[in-house]
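Student: Sequence:
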Amino acid sequence: MEIFINGKSIATDRPGSLAELLQQQGIPTEGTAVAINNRVIPRSQWGSTPVEDQMKITIISAVCGG
90 MEIFINGKSI ATDRPGSLAE LLQQQGIPTE GTAVAINNRV IPRSQWGSTP
140 VEDQMKITII SAVCGG
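Okay, so the sequence shown: first residue is 90 according to this note's numbering, each after it adds one.
Source of the hints: derived by calculation from the structure; they are not laboratory data. Note that the structure is a prediction, hence the values are computed from the model and not measured.
With a straight-line cut-off of 20 Å between C-alpha atoms, the simulated EDC-like cross-links for lysine to aspartate or glutamate are: (1) LYS97 <-> ASP142; (2) LYS145 <-> GLU91; (3) LYS97 <-> GLU141; (4) LYS145 <-> ASP102; (5) LYS97 <-> GLU109; (6) LYS145 <-> GLU109.
Across the chosen pairs, the derived CB separations fall in these ranges: (7) GLN112 <-> ASP142: 17 to 23 Å; (8) GLY105 <-> PRO131: 14 to 20 Å; (9) GLY154 <-> ASP102: 33 to 39 Å; (10) PRO139 <-> SER98: 16 to 22 Å; (11) PHE93 <-> PRO131: 16 to 22 Å; (12) SER106 <-> ILE149: 16 to 22 Å.
Just so you know, even glycine gets a beta-carbon here, dropped at the ideal spot from N, CA and C.
Sequences are here, hints too, so could you generate the full structure?
Tutor: Given below as structure tokens:
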């Protein structure tokens, strides 16, 4: 299965849910927003959102500072 995270191709055997994928990829979830195919996914739905072949996932992390 091939998915795209922030435009980068990722090959994965079994990503499961969006929450599992973030954990597998070592992506911190605090201060993070996720969109799939340009649609923002609420954090409450990450565990129930399946990751499918060819999905385009955009991850945005908040950065402190000014």
